[in-house]
Amino acid sequence: MTTVHSITATQKTVDGPSAKDWRGGRAASFNIIPSSTGAAKAVGKVLPALNGKLTGMAFRVPTVDVSVVDLTVRLEKKATYDQIKAAIKEESEGKMKGILGYTEDDVVSTDFIGDNRSSIFDAKAGIALNDNFVKLVSWYDNEWGYSSRVIDLIVHIAKA
Numbered sequence: 001m002t003t004v005h006s007i008t009a010t011q012k013t014v015d016g017p018s019a020k021d022w023r024g025g026r027a028a029s030f031n032i033i034p035s036s037t038g039a040a041k042a043v044g045k046v047l048p049a050l051n052g053k054l055t056g057m058a059f060r061v062p063t064v065d066v067s068v069v070d071l072t073v074r075l076e077k078k079a080t081y082d083q084i085k086a087a088i089k090e091e092s093e094g095k096m097k098g099i100l101g102y103t104e105d106d107v108v109s110t111d112f113i114g115d116n117r118s119s120i121f122d123a124k125a126g127i128a129l130n131d132n133f134v135k136l137v138s139w140y141d142n143e144w145g146y147s148s149r150v151i152d153l154i155v156h157i158a159k160a
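All residue numbers for the sequence shown refer to UniProt numbering, where the first residue is 1 and numbers rise by one.
Please keep in mind that the hints were generated in silico from the structure rather than gathered at the bench.
Just so it is clear, CB atoms sit at the ideal spot from N, CA and C, and this is done for glycine as well.
Do not rely on the hints blindly, as some may be mistaken.
Pairs of lysine-lysine, DSS-like flavour, derived with a Cα cap of 30 Å [what the hints assert, rightly or not]:
1) K53 to K85
2) K159 to K135
3) K41 to K53
4) K135 to K45
5) K85 to K95
6) K97 to K85
7) K45 to K89
8) K78 to K95
If you anchor each label on the Cβ, the simulated ranges turn out as follows [claimed, not checked]:
9) I151 to T55: 27 to 35 Å
10) V14 to Q83: 42 to 50 Å
11) E143 to S18: 15 to 23 Å
12) G16 to T55: 24 to 32 Å
13) H156 to M57: 29 to 37 Å
14) K78 to H156: 35 to 43 Å
15) I127 to A9: 31 to 39 Å
16) I113 to K53: 27 to 35 Å
17) F30 to T110: 15 to 23 Å
18) K41 to G94: 46 to 54 Å
19) Y146 to V73: 21 to 29 Å
20) F30 to K78: 39 to 47 Å
21) G38 to I127: 21 to 29 Å
Whenever a hint applies, use it, and build me the whole structure from the sequences.
Here it is as structure tokens:
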């Protein structure tokens, strides 16, 4: 899993020292910065069946908002890319509506600023090498989407 992640407040505006790593000290608004990500570990905690089966990295890029995940998957059970798209579309219109999105539009990152869904699958951006190896691409507003899920959690706790 590779995330292409917008600048965050913890990154440097000009080159300087970083306690985390040398690259992290480079000017965020002028560089594409390879970095680590906790996203793969978080997926394993939320979906225990994937624990230890997923790894990832990030590229921090000089955009102000919206990130994208590039997920490369080896499937145990064969599925065409069209079958995968259909399954994701069905979920986005069913029980995952409002959390998972689906688009076949020719989109770019700014199209998702302020989108409260956690993940918007980009059907045109993904590819399949064969029926066992696919690349899936999904966008998210890394600030707004996350905040929306926090609100969902607060509402859930308040109802309990």
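For each hint, the structure was consulted:
1. For the suggested pair K53 and K85, the alpha carbons sit about 22 Å apart, so the restraint of at most 30 Å is met.
2. At roughly 39 Å between alpha-carbon atoms, K159 and K135 are farther apart than 30 Å, so this suggested pair is violated.
3. Note on K41 and K53: the hinted pairing holds, with a Cα-Cα distance of about 10 Å set against a maximum of 30 Å.
4. For a cut-off of 30 Å, the pair hint linking K135 to K45 stands: about 22 Å separates their Cα positions.
5. The hinted pair formed by K85 and K95 meets the criterion: a straight-line CA distance of about 16 Å does not exceed 30 Å.
6. This hinted pair checks out: K97 and K85 have alpha carbons roughly 15 Å apart, not beyond 30 Å.
7. Proposed proximity of K45 and K89 is supported: the alpha carbons are some 25 Å apart, at most 30 Å.
8. With a C-alpha separation of about 24 Å, the suggested pair K78 and K95 falls inside the 30 Å cut-off, and the hint holds.
9. Between I151 and T55 the CB atoms are about 30 Å apart, so this pair conforms to the stated range of 27 to 35 Å.
10. Taking 42 to 50 Å as the suggested C-beta distance range, the pair V14 and Q83 conforms, at roughly 48 Å.
11. At about 22 Å, the CB distance of E143 to S18 agrees with the hint of 15 to 23 Å.
12. Taking the beta carbon of each, G16 and T55 are about 29 Å apart, inside 24 to 32 Å as hinted.
13. As the Cβ distance of H156 to M57 is approximately 32 Å, the hint placing it in 29 to 37 Å holds.
14. Take K78 and H156: their Cβ atoms lie about 37 Å apart, and the range 35 to 43 Å holds.
15. Between I127 and A9 the C-beta distance comes to about 34 Å, which sits within the given range of 31 to 39 Å.
16. Under the hint 27 to 35 Å, the C-beta atoms of I113 and K53, about 32 Å apart, fit the expected range.
17. Against the hinted window of 15 to 23 Å, the Cβ-Cβ separation of F30 and T110 comes to about 20 Å, which satisfies the hint.
18. Separated by about 28 Å at the C-beta atoms, K41 and G94 break the suggested range of 46 to 54 Å.
19. For Y146 and V73, the hinted distance range of 21 to 29 Å is satisfied, since their beta carbons lie about 23 Å from each other.
20. Checked against the given bound of 39 to 47 Å, the beta carbons of F30 and K78, roughly 44 Å apart, stay inside it.
21. Between G38 and I127 the CB atoms are about 27 Å apart, so this pair conforms to the stated range of 21 to 29 Å.
Against the hints set out earlier in the document, violations occur for numbers 2, 18.
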